[in-house]
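Participant: Model the full assembly from the supplied sequences, consistent with the hints where possible.
Number of protein chains: 2
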Amino acid sequence: MAYSEFRALNEESLVEYIKATPALASKLGNGGDGDDLGDLKIKEVGDGNLNFVYIVVGSRGSLVIKQALPYVRCIGESWPMTKERAYFEATALKEEFHWCPAHVPEIYHFDRTMSLIGMRYLEPPHIILRKGLIAGTEYPLLAQHMSDFMSRTLFFTSLLYRSTTEHKRAIAEFCSNVEMCRLTEQVVFSDPYKISQFNRWTTPYLDADAEAVREDNDLKLEIAELKAKFCERAQALLHGDLHTGSVMVTSDSTQVIDPEFAFYGPMGFDIGAFLANLILAFFAQNGHSNGEDDRKEFKQYISQTIEDTWNLFEKKFVALWDEHKDGSGEAYLPGIYNNPEVLQLAQKKYMVDLFHDSLGFGAAKMIRRIVGVAHVEDFESISDPSKRAACEKKALDFAKLLLKNRRSFVRIGGVVTAMQQLEK
Amino acid sequence: MAYSEFRALNEESLVEYIKATPALASKLGNGGDGDDLGDLKIKEVGDGNLNFVYIVVGSRGSLVIKQALPYVRCIGESWPMTKERAYFEATALKEEFHWCPAHVPEIYHFDRTMSLIGMRYLEPPHIILRKGLIAGTEYPLLAQHMSDFMSRTLFFTSLLYRSTTEHKRAIAEFCSNVEMCRLTEQVVFSDPYKISQFNRWTTPYLDADAEAVREDNDLKLEIAELKAKFCERAQALLHGDLHTGSVMVTSDSTQVIDPEFAFYGPMGFDIGAFLANLILAFFAQNGHSNGEDDRKEFKQYISQTIEDTWNLFEKKFVALWDEHKDGSGEAYLPGIYNNPEVLQLAQKKYMVDLFHDSLGFGAAKMIRRIVGVAHVEDFESISDPSKRAACEKKALDFAKLLLKNRRSFVRIGGVVTAMQQLEK
Ligand SMILES: Nc1ncnc2c1ncn2[C@@H]1O[C@H](COP(=O)(O)OP(=O)(O)O)[C@@H](O)[C@H]1O
Ligand SMILES: Nc1ncnc2c1ncn2[C@@H]1O[C@H](COP(=O)(O)OP(=O)(O)O)[C@@H](O)[C@H]1O
Ligand SMILES: [Mg+2]
Ligand SMILES: [Mg+2]
Ligand SMILES: [Mg+2]
Ligand SMILES: [Mg+2]
Ligand SMILES: [Mg+2]
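Those sequence lines, one after another, are chains A and B.
When we follow the working numbering, the leftmost residue of the first sequence carries the number 13, and every step to the right adds one.
When we follow the working numbering, the leftmost residue of the second sequence carries the number 13, and every step to the right adds one.
FYI, nobody ran anything at the bench for these hints, they're computed from the structure.
Heads up, the beta-carbon is just placed ideally off N, CA and C, and yes, glycines get one too.
Hints are supplied without guarantee of correctness; some may be wrong.
Straight-line distance between alpha carbons at most 20 Å, and here's what the computed DMTMM-like set of lysine to aspartate or glutamate pairs gives [as the list claims (entries may be wrong)]: (1) B:Lys31 / B:Asp59; (2) A:Lys337 / B:Glu197; (3) A:Lys241 / A:Asp160; (4) B:Lys241 / A:Glu150; (5) B:Lys361 / A:Asp230; (6) A:Lys328 / A:Asp365; (7) B:Lys206 / B:Asp230; (8) A:Lys360 / B:Glu227; (9) B:Lys361 / A:Glu237; (10) B:Lys361 / A:Asp365; (11) A:Lys206 / A:Glu237; (12) B:Lys143 / B:Glu392; (13) A:Lys337 / B:Glu227; (14) B:Lys405 / B:Glu178; (15) B:Lys416 / A:Glu353; (16) B:Lys406 / B:Asp230; (17) B:Lys241 / A:Glu237; (18) B:Lys206 / B:Glu178; (19) A:Lys241 / B:Glu178; (20) A:Lys95 / A:Glu56; (21) B:Lys360 / A:Glu227; (22) B:Lys360 / A:Glu237; (23) B:Lys337 / A:Glu237; (24) A:Lys311 / A:Glu389; (25) A:Lys361 / B:Asp230; (26) A:Lys360 / B:Glu319; (27) A:Lys328 / A:Asp160; (28) A:Lys399 / A:Asp219; (29) A:Lys31 / A:Asp48.
Computed from the model, here is a short list of chain B residues facing chain A with C-beta under 7 Å [unchecked claim]: (30) Asn229; (31) Ala236; (32) Cys243; (33) Leu345; (34) Leu357; (35) Lys360.
Facilitator: Laid out in structure tokens, this is it:
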């Protein structure tokens with residue numbers, strides 16, 4: 013059975029939907045004929061801002077159902093948003109799973125009419141990385157895994173691996189996810205730099221800082237350059253929302269979810285998003301320290317993870333490039349980049365540019381989380397506003413420094429050192 | 013009547029086609045019913061490499077018919093090429109005509125099945141600009157008109173004027189013109205830098221120079237950066253082939269034709285193409301000078317036209333930006349770029365970047381015309397090979413200098429001075 017029209021499901025109607033959908037039923041019961049699906053346990057757990065997420069557990073298995081509604085969940089029908097985003101999420105998830113199955117949940121089912129995705133349930137102890145970092149939990153494999161995910165998804169969807177024909181076809185398809193891109197344009201690249209009813213910050217502590225962002229011509233020039241790259245440069249398939257709330261972890265598993273903002277954009281936007289959210293987590297630690305735990309060691313862990321993530325990313329990305337240098341990628345043809353010297357020079361230039369892009373986009377992502385509409389739990393969970401504001405101010409100052417001076421950094425180590433110095 | 017299948021037309025079958033097509037017949041005879049179309053004069057004049065072009069003159073009017081065949085005209089069926097290029101040519105012509113009707117021939121008719129365009133006949137004394145420049149003819153309004161064409165078509169199809177939604181829709185459409193983009197990638201950004209059966213140059217004079225291009229690591233790094241921009245950066249709708257063979261002129265009219273390579277790319281590619289072809293014309297003048305005319309004055313005219321084209325382009329482009337700064341363009345929102353100081357800084361940064369892009373792409377276009385597959389009549393018409401090679405060598409040296417050092421130029425005047433010095 014297929015639904016011919018969109019219908020928002022709930023815990024009850026979802027049972028019927030699952031029973032009527034063999035690709036889902038077969039994951040939960042014995043035969044997929046629905047007769048042993050009487051005792052399904054269904055729980056809505058969506059803690060994100062946009063969609064509904066149900067955990068479904070049956071006698072023989074489990075899965076997660078995610079449904080997009082034609083509006084923003086946390087606001088309601090007054091903020092409409094295309095439910096077609098589920099199509100781009102499903103398409104991106106499949107592509108990411110194809111290139112990096114170790115770090116992406118498998119998709120079992122996608123129903124475009126219903127804007128509904130069925131995928132692997134990332135069972136406990138998987139938790140959202142952001143929550144783990146707030147709790148002060150170390151994930152020793154995080155940098156290793158995230159550098160895997162980013163290097164593979166970005167490399168294999170770029171012109172370093174693909175032909176122009178494949179690339180342009182894919183770009184054209186994701187051009188239709190424009191509503192999600194527009195949302196990012198607004199909340200990341202525009203609102204923080206102007207008066208907007210959606211902006212908020214820890215008032216009154218950061219009033220002057222928020223105003224300073226809106227009055228800073230240098231920031232405005234830098235953000236314009238980044239916004240143009242975001243809108244115009246189709247370098248690779250991006251996740252598009254790669255913050256620590258889109259990653260689920262255990263001590264030995266790292267899983268990336270929620271690519272509904274996926275589109276072809278500049279690679280640095282994904283890398284920067286992830287690094288920026290680690291940096292926010294770093295600056296939030298003083299707000300989570302207490303008599304028992306000063307979080308000093310944990311700050312060291314985050315610093316190291318930032319450094320490792322970039323360094324491992326760079327190493328793996330270049331290794332993929334070397335491995336596929338005689339392949340079908342059309343950016344650097346073997347007949348031209350045919351000697352080790354020129355290839356190395358080209359790779360170095362590429363990686364330095366990507367590093368600066370990542371720092372720039374990362375800085376933009378930090379700024380918007382402090383003076384824009386959507387804040388992060390890392391800071392929000394610090395209940396004392398003056399303490400919270402002190403953390404946020406350091407993060408904001410660091411982000412401004414990074415956005416303006418990113419080109420003066422040559423290694424991630426220098427960035428981490430600057431971050432630690434500012435924090436002291 | 014509409015043809016249900018593609019058919020390559022000739023002088024005879026074209027008459028039947030026109031009689032059966034009111035939009036064409038009405039331009040040529042009295043009533044469009046075909047009964048006064050007995051004495052049509054039809055002449056094939058295609059001197060380009062790719063397509064068939066017919067001039068059609070009737071009792072009351074005239075028009076031009078351009079038909080794309082599914083292969084490259086000057087090579088034959090052994091080099092297939094999508095005839096869908098006619099669709100993108102027609103679509104781009106209409107868009108360009110919309111924004112700049114003074115410098116684009118009106119389209120009367122487009123038939124996608126037949127890959128056939130009917131448009132205004134640019135009657136004599138219109139000639140191809142390249143031929144005029146070879147003959148030493150000055151066109152005093154050329155810089156004025158071309159800066160009009162480029163500033164208007166590029167500005168109005170960019171995010172300075174358009175919303176992201178309109179922009180992404182248009183990008184997606186032109187992604188399908190990928191075969192033409194690939195051809196450019198190959199002949200402009202790849203072949204000249206490697207061994208390729210298609211490359212040729214004035215041998216033996218330029219043998220060492222052609223080899224030097226293939227061995228120059230700095231050039232290879234620069235060309236990689238430009239190629240990435242060409243493939244990835246959808247800044248505006250480009251003509252895509254804006255050399256002096258795509259412009260028809262009289263002393264008071266300038267008309268841009270032949271945008272079959274149109275796509276969303278970096279603006280500098282169009283501007284650079286036009287400037288580069290003026291520079292090639294400049295360096296070719298010594299090959300055309302003779303006892304009667306040393307072409308000194310004409311070289312001065314070309315120099316001035318290069319300078320005026322960029323300076324007028326910049327002035328007009330910024331004026332359009334100022335005029336529409338509170339409009340629907342989403343790149344620089346008025347709420348952010350709300351004071352004259354920051355807007356001016358932003359414009360300055362934008363124009364400097366565009367200037368450097370234009371010089372880089374222009375240099376790439378020059379190089380490929382000297383050591384790549386397709387040469388220009390400016391040099392080809394110099395029959396003495398040693399004389400021709402001397403001209404080409406200067407142009408090539410200048411192009412290499414420009415490609416490597418473009419960022420050190422701040423004004424077009426400096427570029428022209430460097431060009432004149434090298435020529436001495
Ligand atoms: N595959 C999954 N396995 C387990 N939990 C999941 C899964 N997908 C989502 N969740 C839970 O649902 C929450 C919201 O999912 P998410 O995809 O981020 O939705 P949104 O787009 O609304 O942010 C996540 O924070 C996570 O707690
Ligand atoms: N509208 C026109 N009016 C007059 N002559 C034209 C017109 N369009 C093309 N031509 C002539 O036909 C030639 C080839 O046209 P063009 O569009 O450049 O074809 P191609 O794509 O094959 O290069 C031009 O160089 C010009 O001489
Ligand atoms: Mg079963
Ligand atoms: Mg989420
Ligand atoms: Mg989401
Ligand atoms: Mg032509
Ligand atoms: Mg042509």
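Participant: With reference to the structure, classify each hint as holding or not holding.
Facilitator: Evaluation of the provided hints:
1. A hinted pair counts as satisfied when its Cα atoms are at most 20 Å apart, and B:Lys31 with B:Asp59 does not qualify at roughly 26 Å.
2. Taking the CA atoms of A:Lys337 and B:Glu197, the gap is near 18 Å; set against the 20 Å cutoff, the hint holds.
3. With a C-alpha separation of about 24 Å, the suggested pairing of A:Lys241 with A:Asp160 is violated against the 20 Å cut-off.
4. For the proposed pair B:Lys241 and A:Glu150, the alpha carbon gap of about 40 Å is over 20 Å, so the pair is violated.
5. Between B:Lys361 and A:Asp230, the direct Cα distance comes to roughly 11 Å. Compliance with the 20 Å bound is thereby established for this hinted pair.
6. Using a Cα cut-off of 20 Å, the hinted pair A:Lys328 and A:Asp365 holds, with the two alpha carbons roughly 17 Å apart.
7. Pair hint B:Lys206 plus B:Asp230 holds up; C-alpha atoms about 14 Å apart against a cutoff of 20 Å.
8. Distance hint between A:Lys360 and B:Glu227 is fulfilled; the C-alpha atoms sit about 19 Å from each other, no more than 20 Å.
9. Restraint check: the Cα-Cα separation between B:Lys361 and A:Glu237 comes to about 9 Å, which is no more than 20 Å; the hinted pair holds.
10. Between B:Lys361 and A:Asp365, the direct Cα distance comes to roughly 18 Å. Compliance with the 20 Å bound is thereby established for this hinted pair.
11. A hinted pair counts as satisfied when its Cα atoms are at most 20 Å apart, and A:Lys206 with A:Glu237 qualifies at roughly 17 Å.
12. Pair hint B:Lys143 plus B:Glu392 holds up; C-alpha atoms about 12 Å apart against a cutoff of 20 Å.
13. For the given pair, A:Lys337 sits about 19 Å from B:Glu227 by alpha-carbon distance, which is consistent with the 20 Å threshold.
14. For the suggested pair B:Lys405 and B:Glu178, the alpha carbons sit about 45 Å apart, so the restraint of at most 20 Å is broken.
15. Restraint check for B:Lys416 and A:Glu353: the C-alpha separation of about 18 Å stays at or below 20 Å, so the hint holds.
16. Restraint check: the Cα-Cα separation between B:Lys406 and B:Asp230 comes to about 19 Å, which is no more than 20 Å; the hinted pair holds.
17. Distance check on the hinted pair: B:Lys241 and A:Glu237 sit about 14 Å apart at the alpha-carbon level, within 20 Å; holds.
18. Distance hint between B:Lys206 and B:Glu178 is unfulfilled; the C-alpha atoms sit about 39 Å from each other, more than 20 Å.
19. Pair hint A:Lys241 plus B:Glu178 holds up; C-alpha atoms about 17 Å apart against a cutoff of 20 Å.
20. With a C-alpha separation of about 18 Å, the suggested pair A:Lys95 and A:Glu56 falls inside the 20 Å cut-off, and the hint holds.
21. This hinted pair checks out: B:Lys360 and A:Glu227 have alpha carbons roughly 19 Å apart, not beyond 20 Å.
22. Between B:Lys360 and A:Glu237 the CA atoms are separated by roughly 12 Å; this keeps the pair inside 20 Å, and the hint holds.
23. Straight-line distance between C-alpha atoms of B:Lys337 and A:Glu237 comes to about 17 Å, which keeps the hinted pair within the 20 Å bound.
24. For the given pair, A:Lys311 sits about 17 Å from A:Glu389 by alpha-carbon distance, which is consistent with the 20 Å threshold.
25. Taken as a hint, the A:Lys361 and B:Asp230 pair is honoured in the structure, with Cα atoms around 11 Å apart against an allowance of 20 Å.
26. Taking the CA atoms of A:Lys360 and B:Glu319, the gap is about 36 Å. The hint is violated against a cut of 20 Å.
27. Between A:Lys328 and A:Asp160, the direct Cα distance comes to roughly 7 Å. Compliance with the 20 Å bound is thereby established for this hinted pair.
28. Restraint check for A:Lys399 and A:Asp219: satisfied, since their Cα atoms lie roughly 15 Å apart, inside the 20 Å limit.
29. A threshold of 20 Å between alpha carbons decides the hint, and for A:Lys31 with A:Asp48 the separation of about 10 Å falls inside it, so the pair holds.
30. For the restraint placing B:Asn229 at the interface with chain A, the shortest Cβ-Cβ distance is roughly 4 Å, inside the 7 Å limit, so the hint holds.
31. The interface hint given for B:Ala236 is met, as the beta carbon of that residue sits about 6 Å from the closest beta carbon of chain A, less than 7 Å.
32. The restraint placing B:Cys243 at the interface with chain A holds, with a minimum CB-CB distance near 6 Å, inside the 7 Å limit.
33. Checking B:Leu345 against chain A by beta carbon gives a least distance of about 6 Å; that is within 7 Å, so the hint holds.
34. A least Cβ separation of about 6 Å between B:Leu357 and chain A falls short of the 7 Å threshold, and the interface hint therefore holds.
35. Because the closest C-beta pair between B:Lys360 and chain A is about 9 Å apart, greater than 7 Å, the hint is violated.
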